[in-house]
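Trainee: Work out the full structure, taking the sequences as your base and the hints as a guide.
One-letter residues, chain by chain:
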Amino acid sequence: MILLVMTYSNGRLAKASYELATAAQHLVREGKRTALVIGSGIDQVASEAACIADQVLVVDRPELEHYDPELWSAAVAQVARDRNAHTVLIPATRSGREYSPRVAVRLDAPLLEDVVSIEDKDGALIAERYCCLTRVSEIVEAKSTVNVVTVKPGAFAAAAASGQPCEKLALQVELPQRRLKVVHKSKEATDRVPLTEADIVVAGGRGVGSPQGFTELIGNLADQLGAAVAATRAVVDAGWRPYAEQVGQTGKTVQPKAYIAVGISGAVQHLSGMNRSAVIVAINKDPDAPIFKVADYGIVGDVQKIVPALIEELRR
Amino acid sequence: MLPLAHKIAFLLFAVITGGLSVGGFHRIYRQVRAGRADVELRTNRIASRMWHALWATLLQRRTFRKRPVVSTLHSFIFYGFVFYILVNLVDFVEGYLPISIRSTGGLGATYNFLADIFSALVLVGVLALIARRFFLPARVDFQFNSNTLLHEAVARGKINRDSLIVSSFILFHVASRAIGSGAKLAVEGPDRFQPFASLLSHLSTASNAEAWRIFAFWGALGSILAFLMYFPYSKHIHLLMAPAKYLFARQDSSGVLPPLDLNLEDSGSGDEPVLGSSTLKQLAWPRLLDAYACIQCNRCQDVCPAAATGKPLSPAALEINKRMELNRLAAEHPGSERDEQGSRPLLEFALSPQAAWACTTCGACMQVCPVQNEQMLDIIDIRRYQVMMTGDFPVQLQTAFRGMERASNPWGISHDQRMAWAEGLRVPTIEENPDAELLYWVGCAPSYDPQSQKTARALVQLLNHAGVDFAVLGKKECCTGDSARRAGNEYLYYQLATENVATLQSVQPRRIVTTCPHCMNAIGNEYRQLGGNFKVLHHTELLASLIAEGKLSPNRSDQPIAFHDPCYLGRHNGVYEAPRDLLRALTDELVELPRNREGSFCCGAGGAQFWKEEEPGPEKIASNRLDEAQRSLGKCSGNKTLAVGCPFCKSMLSSTPGQATMDIQIRDVAELLLDNILPNSKEQCAPIEQFSGAGKEPQG
Amino acid sequence: MRILTLIRQVLDAQEGVHIAKNAVELNGRKLVIDTMDEYGVEEALRLREHGLQAEVIAVAIGSARVEEALRTALAMGADRAIHVETDVALDAIALSSVIAQIAQAEKAELIFCGGQQSDWDSQALGAATAERLNWPQATWTRALELSGSLLSGRHDTEDGVESFEVQLPAVITTQQGLNEPRYPTLPNIMKAKRKQIRKDPLDAYAIEPKLQTKGVAFQTRQRLRKILDGKDAFTAASQLVDSLRNEARVIQ
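Residue numbers (our numbering), protein chains in the order written: chain V, 324 to 639; chain S, 20 to 719; chain A, 4 to 255.
Heads up, none of these hints are tricks.
Derived DSS-like pairs: lysine-lysine, alpha-carbon spacing no greater than 30 Å straight-line:
1) A:LYS213 / V:LYS466
2) A:LYS229 / V:LYS580
3) V:LYS466 / A:LYS24
4) V:LYS575 / V:LYS628
5) A:LYS196 / S:LYS495
6) V:LYS608 / A:LYS234
7) S:LYS631 / A:LYS33
Listed below are several chain A residues computed to face chain V (Cβ distance under 10 Å; list not exhaustive):
8) VAL20
9) ALA26
10) SER99
11) GLU161
12) GLU165
13) PRO212
14) LYS229
In short, the hints are calculated from the structure, not lab data. A virtual CB, placed ideally from N, CA and C, is assigned to each residue, including glycine.
Mentor: What follows is the structure, given as structure tokens:
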């Protein structure tokens, strides 16, 4: 059977779980698409999962109220073993990538990590994944009886929920003691995502014009995108933004999915801190600004007009 | 002639004071000797050194570099004292033998006249300088920034106390002698060759003249003997130490740092060599001599770009603190010159770590110092120790070090991209043109920094236009290591430099031209220490000569241009006129900035500052310079340009926060020349695929 | 106490990537110790400098060149190193078996591993090793302290930062910001030349790699340079958002 480990938050299935279902569709090998939901008080999630799988297994225990890599891996491995799963799919979220190796070791299985495509071929499982800071793609192959796969969020489209929910089955598992004690959970001081982890970064340079401009343009654009805010050295030197936001040679190095450079000329010191971003967007009034040579997308124009237009467009 | 009793008493007095003074002088000698041996030659060609030291002293050349009025007043005192050597000798002889120099013969008259005039001048000089130090507004020259580390002795007012003692001594010494001369004339009658003494002769009468003369003898000569004991504790000893500094001066320019034996042979003896300096004793002995030669005039502080913008660095405080510490060690631990008893790390009393890391190695302090001190080299020594021995240095420099180690450039950009700047232009590599007449050493900044790439592109277009046969090293070129060396990382510099020397020796270029003064300095001057002797030109020199030869013919405009002298081109290497010749061919209105040539004000990038955040202070060094340019060019009309000759100057001046609002363009001389000669070359931007190395396939 | 710090040697992050014989070309390229692993070495050294009696052992599995990376760790201050020399490229799950065997043989109590290295983009080594040893793990650690046998610290999770406590033995994976790796001083670089690097052949360890790499290709990501004229701000904005949403797929 193909085990799809669900991930959820605030009582709703995450998009990544739907993507797992699509990934499973690419597999030719026999087996029921079985969703696994682990947690505490997760009945609603299980019901949602029932719309994207052939069956749902539920492990609902109070000890599982908060995530822990050892508890999760123990549960998944047990279920996979007891129920003879030959393929275990886990979303490659931060947590997923953290407990899936433990599952693989427990099952004595190979781990195909953070894959963007998957297929069966002659009894082997073949997947494509990125390496070398996403500059290179490699094909990996595993031929074991059991394989553990983590699936890159966003690599597959979300499966459509079927109108006919399947059966749900409650399971018992043996759980180890929780050894990593969480003493305190905190969200970051800023409401925004931390700079080094953000998927999207909106960065401003001197072209933004003023500290107020920064708040209005950069801040609002970042909020609209759920992004982190960054700044160039010139801006930090001028006292508009704190050093913690500085990106570049003498600041932070970041690698987000999208880096939106507003009013930044593209001095080499700044570029060396962000040029590994997957997509670079540049907005600047100078068509000769070096930033345009390393941008995927850009607009040459007045930052004061373009950024509000973008915010407006994103609101729609 | 003195009465016998006085003769005997004075001789006894001389013996006693002389004996008591010897200890003090010998102590200084021992302290200076306790410094490390110097790697550089200090006592070779001794006759030539003595000759130069003599003339440097007598002509007071270095003193007159700044503060002309004060220097003139000082020269009264100086020349007065030089003549007073003779005067004191003669006075002594007149005291013991029945001789009296009268103004009857030409020789006697000349002697008396000079003695008289110099006495007056010395008194005027000292009084004027006291006024300046204690009463006039200019006394702020002697203050330090509030964040500068000062030795406890300084805080206790030692400097002013010393000044008062010294001034009092000089006044007393000269005044007593003058009174004595006056008394002599009270008996002999007024002498038109001695106007000052004649004036003073009214103070005494023929009857008490003898008493005054005896008083004058003891007063003048006795005070010298008494002062001898105080001498070693006073800055007045500069009258011996300054000539000593001239005598033992470094032979290399300020752009060449002293070599360092890295002890790379793994001796395994467990005896760790000390690289750089962390205490006084670990400084080379000439730099301990510095501490005693320093006259606490603060001229170096005046010209230091860090001090001028409110950073904690003061080269003057550095030397003064060293001296105070040497005196403290002598007082508290007498006889312990050779060991480290009681010694504190330099970073605790001489200058703070922030100060040490604020230095831009511009060399202005050494250029302006009247006694030829080597303040900047102390800072380099301290940096060497911090980087190579303790690993305790500003963290941002690590990124630059790693870049140089791994990618052969401080930005850390892939070495594959070294030739990307040349895309679309005809730039032969040394493989394609092995017998090129000229090798163009591009440098890291023009290779990788988009703004400086324009300079490189402009130069090669001009070279092609002028038909110059040249080649570049292409990917064989690695960072010269200048930044590493200035930051104190001599090991990294050594690794980079030996590789470059080997490359260049295999290529054997006839001439090298470079667009970066730091590269020019490293290759042309410093690589000699590693066996590489290369002739290097700066691109402004080359372009100026091409214009003179008629191979490039610009048209003059009337747009105002000012030239900012880069420290590494100008002060460290003496190239001032070539860029100006070039600019005069471009414009009728070449504007001089107030601080120009050897007085130029640093842009703030040197000393590895470019790779880190500037140390905190109320003003940025580059802003200070740019404001000066704005003031000079602001009065002009037309397109205003501040011309530069160094990629770092260009970057620093272009990226100061105020620059965007000014209407001054910052451009390299080569760019200006290109615009003038080939206005239609689409030079604005080249299609440079610099960063698509993230995914870009190589050719083939 | 013994601390293992795992070292991977990777292409310098700024180097362009080349491909030859269906694998990433390493010959003639500049290889360096991965920064993530430097954080691990540095943290081990810091714990020791704060009073912990510990021996810091750098461990690496790879080709002969990997020795340079181990020397860097030794130059920073690690006491000795173990180099399992092999040219076979192993996946994280297989490698974790080797590491676990070494850890057991050395009776280590703490293992530092990079959160993710810049060559294989894998985050699995630390977790897999922890499972083999039946140890707990804390990943993406940004602050750490050791008091007796209790590790406490902060680490990044899915939705924020957690303060945690865990008993030794444990595996800690690192991330940017945990510390600033020290710059090796020249005397330490010289000393490192004399420190021991024990060489083990791969067959000394029983492993069974189950994952093969079949080939690599450039994930061609040349910059697109689709630059729009922004005279009409709204049209340009709308076009841009559309591209980002549907073409680049970086925003919802």
